[in-house]
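Peer 1: Which chain is which? The protein sequence lines are A, B and C, in order. Numbered per my numbering, the first sequence spans residues 1 to 439. Numbered per my numbering, the second sequence spans residues 1001 to 1358. Numbered per my numbering, the third sequence spans residues 2001 to 2318.
It should be emphasised that the hints constitute simulated quantities derived from the structure, not laboratory data. Relax, there's no trap hidden among the hints.
Short derived list, chain C residues pointing at chain A, Cβ under 7 angstroms: (1) Thr2025; (2) Thr2135; (3) Gly2287.
The beta-carbon is built from N, C-alpha and C at its ideal position, and this holds for glycine as well.
What follows is each chain in one-letter form.
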Amino acid sequence: MSLRWTSIAACAAMLIGLALPAFADDQIYVPLFSYRTGPFAGSGIPIADGMHDYLTMLNERDGGIGGVRLALEECETGYDTKKGIECYEAVKGKKPVIVNPWSTGITLALIPKAAVDKIPILSMAYGLSAAALGDTFPWIFNPPDTYWDGLSVIVKQIAAREGGFDKLKGKTIGYIYLDAPYGKEPIPLLQQLAKNYGFNVKLYPVAAAEMQNQSSQWLNVRRDRPNYMIMWGWGAMQPTAVKEAVKTGYMMANFYSIWWIGEGEVQGAGPGAKGLKNLNWHNNGTGYQAFADIKKYVLDKGLSKGSPSEFGLELYDRGVYNSVLIAEAIHVAQKLTKAKVVTGADVRRGMENLDLSSTRWKEIGLDGFANSLALSCADHNGHGNLFVQEWDGTKWVKASGDVGPMNDVVDPLLAAAAKEYVDKNTGWPKRTEACDHTS
Amino acid sequence: MLYREVGQYHTNYRADMRIFPILQDRIGILVILAIAFLGVPLIGGSFFLDVVATPFLIYALAAIGLNLLTGYTGLLSLGTGGFMGIGAYTCYKLTTWFPGVDIVVWILAGGLAAAAVGALFGLPSLRIKGFYLLVATLAAQFFLQWAFERIPWLYNNNISGTIEVPTRTLFGLPITGATATPVTRYEVALCIVVALTWLASNLVHGRIGRSWMAVRDMDIAAELIGIKLLPTKLLSFAISSYLCGVAGAMLVFLWYGSAEPTVFSIDLSFTILFMVIIGGLGSLLGAFLGAALIHVLPIVLRGVPPALGLNIASSTVEHLNLMIVGALIILFLVAEPFGLARLWQTGKQKLRVWPFPY
Amino acid sequence: MHLLYLILVDPFVQMGTAPDLLAQTLWEGLVSGVLYALIALGFVLIYKASGVFNFAQGIMVVFSALTLVGLYAAGVPALLALALTAAVMFVLAVGIERLVLRPLVNRPDIILFMATFGLTYLLIGIGELIFGGDTKQMIAKQLYLPSGAIDLPMLGGVVRLQKLDIAAAIIASVLVAALTVVFQYTRIGRAFRAVADSHRAALSVGISLNQIWIIVWFAAGIVALATGIMWGARSEVSFALEVVALKALPVLILGGFTSIPGAIVGGLIIGLSEKLFELYWGPLMGGGTESWFAYVIALIVLLFRPHGLFGEVIIERI
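Using the sequences and the hints, build the whole thing.
Peer 2: Next comes the structure, spelled out in structure tokens:
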């Protein structure tokens, strides 16, 4: 009998769930996909809080964007593609203006749906690199850099330290990566660069199930003695790798990571991790007007979901950057359409006309927070300058000037990848979306 | 009263042995099919179809597959995720080579490769039993997942390492890819699942099914009465993997739209095993009930707090969700260890004698 | 021909030319093996006493480590936190016995196995709700675990032994020795062995099954706590650690579900062989072989000994 009651209750809940009132028409609905659960939650929590707090601050301080409140709703994906798709289907009906999947797997699953549902997708510096080409992927945006840009900057840096690209000849570069699409993406570029400049590449894959069990990879490192190490890690893989590197006695100054390693993931390795390098495109910390506002309007009012200790951490700031892009896209869309409540199609146009110049960064209270970024119809990425940060034992310290990616190598790869994507997906729609020219 | 077989006489063995010997059951199944084919697509929105209905069908098919192996033949397996992956990757390769051939053919053909691989990994079942076999099938799971990640040929050397579903049409109507409507994909999935369930049902009611059950109940005794263990067990592995493989191909082509190797991880194997056990071992109906409960329950639970107007953080909901599902699993096992299918049978018995207690 | 050379000759040449690396590999293999063995030990204890294939052992590792770190973060002194965590594990054992094992007594094995799955979900949910899903540092220093390394110059190179790993090996050995002594020489131990032999016979001579179950689950909880501390200190405390526990499964079938020495020998064999294979043969296959190699070893052993190396041989009768 209990089953009957359970099922009746379930059905009732279901009906209520389906009959949920849509968000009010005078609001802009921005769903935030986040993952505060699961094996990758360590990276996901500060990002989610950064995203949430910045937009909440806009609501509290300015009453939204252009006078329209943002209806924020978090959807928990657990970094799982299935739940991500469920989230997407759940928010789809509420007319979201933009979706940020925060997982390469979810992004790939959503790419074909974006054009059909007219919902732009912002995969900030992750996802499909080829999506940088707006002519092929009008609905997908991945600013400010692709993984290939990141890798090329690292190799450039290494070459600079060695004293020129010709000095790379005969050197060995080790590449330790999460054995998933994300970690495998840079390999073709790395191999091509190896051919161009005559260095050797050693690959050390780490399976997701073995993230916290890396001793054999580091034994391999010890045997091969690579001159430099590059890491494409995520979640618990990163602290484990740093700890193992310290244990093996690897030269930390020669150990580069892609931009996803946060402070919390290095701290555990102790003082030995000093010198570890990490890419970034924005500064860390809280020394900006907007952050003061977040503190005043969100944290002090108890509207944040996170703990104050993560305020200003690298990944928190990354979340803020992501939200700045969303807010700016909505802002530009409002300017373009002269409408207050914008739709997904408008925000797509807003994204394409995004122009975060240094004056604009100043206007939004983030003077000097990040490099300027301008997108266009053809370029959905920006391929902005990156810089290297170094771990000084307690925090990340900027350790290089701005370095641009090797566009001459990356661009053909992007074009080839986009062409391949279209070839494999027969019936991939040609771009029909008109292109705005605003000045 | 309502459900009474009095007066329904069977005058030959054929009528007595049919799957639904009672008239009410036959009417019931027709009503369910009518609702499934016509009612659901008419009433359900795209959220219901894409998130609830189609995945439910796919899970149910995989659960039937595993149930043939675990419930009917008594062989525990945790390789389901891997076998589903084989089906998906095979289908993907086939449709790349022969884009002209109808995709449904390739979805069904994808299962054949899974059947072959399943039979191969089923070989140890001749020597080892019980939990030892369970762990041994994990070898298949981990090895296959490693292969999906490490063999670029399988995903056509895609840079992203994933398989992406191209748009394929049937009679001019797109049934895979982003342009296919939820209704089309649902109907295609429903057709495949109904056909294969019918096939499975005939298998388990026939000679093959009986030999499987003999092996399950005691394999030494089965051997003594002349059932050859090797072909019986391997056939069970093959057919089970076939159904799982088809479910895997459907999962990618009719639901996800793209897949990375982690989709076919061990978690998927666990989920399917859950469905089989909660639904009821050795029952096809159980596979459907188990799939419904395990798949739909978290979705419903996630919808409860907003529906009640409670403002709980989505992550907290997820935590509570896990706890509730975990507790419910234990509760169900305590209350009805033979699964939902047994509950259904008890209910049916009650209906049969209603309004009298017995 | 070249391939054969790469498979059959080259790895050994490599071992010969860099013996210090080989020694290091063997050491790392041994350390991982000890940790695998510890997890497997938790499984074996419970399987022997209650016939439950306890899938929740992995999450118990995470849960105990989280509790320890969480208590410390809440201001409890480290050693007191350790004691309190042990107490929590005891409460957990009592709870499991009352709410899961007792109602499910005499059910088929697979049902009990599934119940431990439910337990896993429950513990993940509770753990994340209370302690949050973010990764945490193990309080190794506060628990007086050593850090740093000893460099042994030998074989024309250096073998680097982490003090933490040495401590892990010692603690594991002490735990195993203690458990052996308890189960061999004490009253409770004899009762445990009686229960493992036959539930019914044990009941009929007046042994309380429920009491034994609590004790055994508690012992498994302590083993999980030790594993959690060690593994947490080597990497960090996160829910991803749960997956590591799956590594104990091939160890189990290699050693046999019912044998404590089997768990230890199995752990060492798997730890050593997977490291050697990954280092010397892995590059031929693109690396990352560790996720499945242990299972292949276990499968090969199973084909010759269907109950593992040390498992009880079950004689089937009609």
